[in-house]
Amino acid sequence: MAVAQSDPEMASKGLKGGSLGLVAVTVIAIASTAPGYSLAAGIGGIAGHVGVHSPFIMIFAFIPMACIAAAFFYMNKADPDCGTNFTWGVRAFGPSFGWLSGWACIIADLVIMPNLAGISGQYLVLLFDEKASNNIYLTTFIGILFIGAMCWVCWKGIELSARSQVVLLGTEIIVLTIFAVVAFTKSFGSGISKNGGVLTGDDATAAQSSYPACSAVTKSTQSCFNTVQDGVQVVYHSVKPSLSWMSWSGVSSKDLLAGLVLAVFIYWGWDTAVSVNEESTDANRTPGIAAVLSTFLLLGIYLVTAYGSVSLLGPGFTADNSADALGALGAVALPTILYKLLIIAVLTSASASCQTTILPATRTMLSMGVHKAVPDKLAEVDAKHLTPAFSTWVFGFVSVLWYLLLVVVSHNTSTDLYSSSIGAVGMAIALYYGFTGISCIWYYRRWLTKSTKNLVFIGVLPLLGGIVLVYTFFATIRDNVGTDGDHALLFTGTGLLIAGIPFMIWCRLKYPTFFTYRPDPPDTVPDPGGPSGVIAAELGTYTQGARK
Amino acid sequence: MSSIVVVGIGPEGSGSHAADVAAGYATALGATMILVFGYEPSSLGPRGGPFEDQIEEIADEVTKDVRSALSAAHPDLAITVELVRDRPVESLIRVAEARSAQVIVVGHGGSGPFRAALLGSTTYELVHRSTIPVLVVPDPKAPDSDD
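Chain order of the listed sequences is A and U.
For the first sequence, the working numbering assigns the number 1 to the initial residue and increments by one for each residue that follows.
For the second sequence, the working numbering assigns the number 549 to the initial residue and increments by one for each residue that follows.
This is chain A alone, in the form it adopts within the complex (with noise of 0.2 Å):
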């Protein structure tokens, strides 16, 4: 590998570096990927909607992502930007719908982060006191010192040791499939069953729309309810696992989208991970390898703790504890040690998701500050950590803000926003994942008919994986507008986004020389089956009346 240029003068962009191997590549796509965390929060909404076809949302959600990765790939060759959609957006389409591209891209990351805290906060609780766990103000309390703490090793550029990222994501992936083997092992022959806690009001009338009396029940393998003195108890028990549940059938397309939506989520992050950090020993191979086998790694590990989260005692269990779903099947599944360290695993995988959303947001911002999209403070990059230091502590800072007003708004209003972050997140990604592919798309639509492999890599995969998604979007927002509709997702999940707007008209009249920027002429975009390191010209290039 070449030695960079001896002369600080001559020593530019292209310097050769980064030899990550095999194992790196592969760690860092799953640690990006999160899957504990994603499971601990994901895990119980999807159950609430698809039931004991969570099995086969897992494996569907995965194919648009899978998609809109090659999507990535092929943007990231011709543009390896740290603002990603945002400038592949400018490219494609102009400023504006780059800047709205980059906007959605920051708020699914800011979305994120009060469940990331919460999460957090709960699991870290429950570490040492069950009963604390439902203590607002102490988890609340945990959860912004998280954030903040975050902040501070991203700020300052602090990273784990290679080793101590592989010892982590290793014991996280071995507690997972622990937890998943004892749990589907669990709920074959006769099962286990578990007494809810009382049920009143509204909860006890959705106990007993969803589940049959017991007393009606002549065989203990379902899960049942019975009327005791002041409510509703329910009784959880096992489901035997079957094949079945890797089919849709009986599922609704309503539940189905409301499914996809929150499973979206727990892929986040596998795709830029598997698409942008492509330098690796072999160029040539390693990537390539470390994406089949992170893919196979992830989907298994997806797969089997789908499978016992629902079987275990029903997927009405892990639905009625969506909050901590994970850690409340955990308790039931696993001894005591095995279930601290499935608790540790999930805060190991939170604080490493937290990380892989707060660089790529902030790094978006930077991005927009140096091309003069946003105020030029956000590109700071600060001298002693080489980090952008402004830019992290003004998301840490709104994050925090944004975890205040959902907290105090879902704990005195029956609204309860907090968590609709999942879904609303996954309408984030579907978004601007979604404008990825399209943009992609339209970037190189000289190139499309040079080649089957282009039409497929660069036309047919990009327009199926954007499609799905933005269909996605827009679909759920039909699908819960009406009087029966989730509201608080409604607001969770367009509420910033819409923000964007009037902040971006502001930044149009504050700096007008981004907003005279127009998308590359299709003849100047370079080949997408080129060498690595042939990049399209600076954004900016193509102005108003510079080109037409």
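Treat the hints as calculated values from the structure; they're not laboratory data.
Careful: at least some of the hints might be erroneous.
As the list claims (entries may be wrong) - Residues from chain U that keep clear of chain A, each with C-beta distances beyond 12 Å, as calculated:
id, residue
1, Ser550
2, Asp568
3, Val569
4, Val682
5, Leu683
6, Val685
7, Asp687
8, Pro688
What the hints assert, rightly or not - Derived DSBU-like pairs: lysine-lysine, alpha-carbon spacing no greater than 30 Å straight-line:
id, chain 1, residue 1, chain 2, residue 2
9, A, Lys372, U, Lys612
10, A, Lys131, A, Lys340
11, A, Lys384, U, Lys612
12, A, Lys340, A, Lys194
13, A, Lys194, A, Lys131
14, A, Lys240, A, Lys254
15, A, Lys240, A, Lys194
16, A, Lys156, A, Lys377
17, A, Lys156, U, Lys612
18, U, Lys612, A, Lys377
19, A, Lys372, A, Lys384
20, A, Lys340, A, Lys240
What the hints assert, rightly or not - Okay, the calculated beta carbon distance ranges per label pair:
id, chain 1, residue 1, chain 2, residue 2, range
21, A, Gly495, U, Thr628, 47 to 57 Å
22, A, Thr524, U, Gly578, 43 to 53 Å
23, A, Ala537, U, Pro681, 45 to 55 Å
24, U, Ala646, A, Phe474, 50 to 60 Å
25, A, Thr524, U, Asp613, 30 to 40 Å
Ideal Cβ positions, reconstructed from N, Cα and C, are used throughout, including at glycine.
Fit chain U to the supplied structure of chain A, relying on the hints for placement.
Relative to chain A, chain U alone:
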């Protein structure tokens, strides 16, 4: 062929004390000194583009300052600068091996063994991995300068 001394330089001129000490030895040996600045943004997010450009500007500035200070103090010393986009340890080893250096000189800012095991420490890792002799120069004024 003259001997080569490789020196690691970090942000805000960390390692400049080590460079100063190394410059004394290099002058005595009649060696050429190579200042190496290794940097790599975290791979947990997209890198590339303006981010790396800005880091490079910082690296450029720091190494220029260190170089001019050294040149003023050691006018006979030949100094070159190499910026490498990789982790500092990799950068130092690669440059030293490629140039067949006699010694790698680094400063040591006092990161303890626990921190080093968890997060990695350039000096610790370098001492264990380098096939070329490593000279570690303790930094007198900042016992915990890695904070």
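Broken hints, by number: none
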